[in-house]
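Fit chain G to the known structure of chain P by using the hints.
Number of protein chains: 2
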Amino acid sequence: MNSRLRNAHCQLRERNLDGFLVSLPANISYLTDASSRDSYLLVSLKGNVYFTDSRYTEEAGAFLKGNARLKECNGFVFGRIAEEILKLKIKNVGFEERCLPFAEFASLNDFSRGKFKLIPVHGIVEDKRQVKDQGEILKIKKAVRIAASALRHIKKSLVCGMKELEVAAEIERFMRYQGARGAAFETIVAAGANSSQPHHIPGSKRIRSGEPVLIDFGADYQGYKSDLTRVLFLGKINVLVRKVYDIVLKAQELAIKRIGPGAEMAEIDRVAREYIASKGYGGCFTHNLGHGSGLEIHEAPYISGRESSAIRPGMVFTVEPGIYLPGKFGIRIEDMVLITNKGCEVISGSIDK
Amino acid sequence: MNSRLRNAHCQLRERNLDGFLVSLPANISYLTDASSRDSYLLVSLKGNVYFTDSRYTEEAGAFLKGNARLKECNGFVFGRIAEEILKLKIKNVGFEERCLPFAEFASLNDFSRGKFKLIPVHGIVEDKRQVKDQGEILKIKKAVRIAASALRHIKKSLVCGMKELEVAAEIERFMRYQGARGAAFETIVAAGANSSQPHHIPGSKRIRSGEPVLIDFGADYQGYKSDLTRVLFLGKINVLVRKVYDIVLKAQELAIKRIGPGAEMAEIDRVAREYIASKGYGGCFTHNLGHGSGLEIHEAPYISGRESSAIRPGMVFTVEPGIYLPGKFGIRIEDMVLITNKGCEVISGSIDK
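Sequence order for the protein chains is P and G.
Using this note's numbering, you'd call the opening residue of the first sequence number 2 and step up by one each time.
Using this note's numbering, you'd call the opening residue of the second sequence number 2 and step up by one each time.
Simulated from the structure, these hints should not be mistaken for laboratory data.
Among these hints, one or two may not hold up.
All copies of an identical chain are treated as equivalent in the list; a pair is satisfied when it fits inside any one copy or across any two copies.
Unchecked claim - In silico DSSO-like links for lysine-lysine, alpha-carbon gap of 27 Å or less: (1) Lys142 with Lys206; (2) Lys140 with Lys206; (3) Lys118 with Lys92; (4) Lys329 with Lys66; (5) Lys72 with Lys329; (6) Lys164 with Lys140; (7) Lys206 with Lys143.
Small disclaimer: the values here were computed from a predicted structure and weren't measured.
Pulled out of the complex, with its shape left as it was, chain P reads as follows (with noise of 0.2 Å):
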């Protein structure tokens, strides 16, 4: 068994549960070291059993090894949950609370009939995740490579007149020839005034000279993601665009600064939302400066106001300020941080701004 999995038979130990049953795919995607879809995983101190349908079997028989016994159910996957639960006397099982919906938390509940208890638990392997290992590490910062070379690529061919559609296309097949399992998320290519718009759907306007062009985009590399974002312009830039860009990017530099482990995350929320109030946008940051990113795209910790936990090695997360003027524009730079014990290296600082 892989020591993620021991690690979280500790956990279990620790809180009294004999149970765990697993239902993130991310989680089960980080417990058993493949890409997991469509599966649940009963995680416990008797043996750990992972459940899947049909169109799943043959590769999952391939990937779990030694780390879980294979349950292969077609329709009626709570039912057989609760089966082998029962089987495994198990008692007390855990179970996450912020993923499973309600009718699931019902029906294995029914299935108990009384004879195993649902403990509803968050955080026992999101909390491990938030600390990257060497070799997490190194996925992560191939997927930045992958993105910052799709960056450069569509620098040279972007050309007024090309729909924000046709820039998300180029992106995204060009980090697949890099060897991208596909992009880390929708791509986000918002032209002129569609920039204001924080998460703006690519469509069919074309990009114009001296427009702003906000491009948000990562790459998936086998499971993890990298997340960045720029804003490229053709032609003249307008003399409030260009002062915008500037305060969004000593804000992100002021951020970056104060990063480092032990360091609260809301500290550095604020050293960024500050700079840009004090220089008259105080309103126009509508969101957090940043999220972590590894296995999901937007995963522990959250560098919001409202987290009050300090930095730790190993973490990283991306630090986004943005100032959006809707109707007009939009600017955010984002980077990528990975936490060191000295303080932190933004890898994708290579990447021009």
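Relative to chain P, chain G alone:
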């Protein structure tokens, strides 16, 4: 207020609910006729309220019109939802039990302070979504046409030595140039032995002459999805592959012949399954025959041996029998049908098999 929301109000009355919290993104998109993301929609006889965070308020302000009041909330969304429920004096609130995570249910329940009741429901919106209206059918047909042209494109450019990932990249790029928002789901390209895994993740395997190349893909056009599978060949087709291909094709033809209003879903599945079994491949068709497709790539109806309900005009679903021989190869042929008043229209019928 649009007719879909008015219909939802009728459903509430029938179920003695005075409120309904919608959390499934596709259901919210359906009710608001927009690409809703990271949002919740409270439907109530006393007014509809749309909750989202500041990343989306600009676009939501534009598409909600008279359908719902917009409430921006950054964090603490369940507290805000509860506030609105209390303010509107709603007593019985349905929630989507298959979608709402246990923790969100528990949080909302805590905030209720006993002043409203949460009632698990399913299908209020999904049942309506099974039957597509004219506007939806046009979008799905466009999504099919885009996928069909991408397939023609890839047939022309496919050469030995290309990686699975590169084929996926070309298909997705091409579909966006045709106006697709993107791929309807992660494109599957499975060459040679990889094709025996129904949901293979494309990798760096290169395509060799004589191998079947299974391609399962679709386009997202304005939120509506197409879903098609074809098996392409470069070079000579192996005798066994040819034989299995013909069995799958015949199974599909027989199933499609049986499709029409009033036919039982399980029966359609059975027709294909029994034919495949009669040819000696009974255990090798390891998934359902098909599924509905629209705002979600997999949605009701499910064409499965367990579904006793009847097919209705306006439904759109896939017909995709397959035979998988682990370690050797797999064949799946997938088309989409639209149920008409008399029978069915194979909307992907123009694509060569």
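Okay, the hints, checked on the actual structure:
| no. | hint | result |
| --- | --- | --- |
| 1 | Lys142 with Lys206 | between (32 Å within a copy, 23 Å between copies) |
| 2 | Lys140 with Lys206 | between (34 Å within a copy, 19 Å between copies) |
| 3 | Lys118 with Lys92 | within (6 Å within a copy, 30 Å between copies) |
| 4 | Lys329 with Lys66 | between (55 Å within a copy, 21 Å between copies) |
| 5 | Lys72 with Lys329 | between (55 Å within a copy, 23 Å between copies) |
| 6 | Lys164 with Lys140 | between (31 Å within a copy, 20 Å between copies) |
| 7 | Lys206 with Lys143 | between (32 Å within a copy, 19 Å between copies) |
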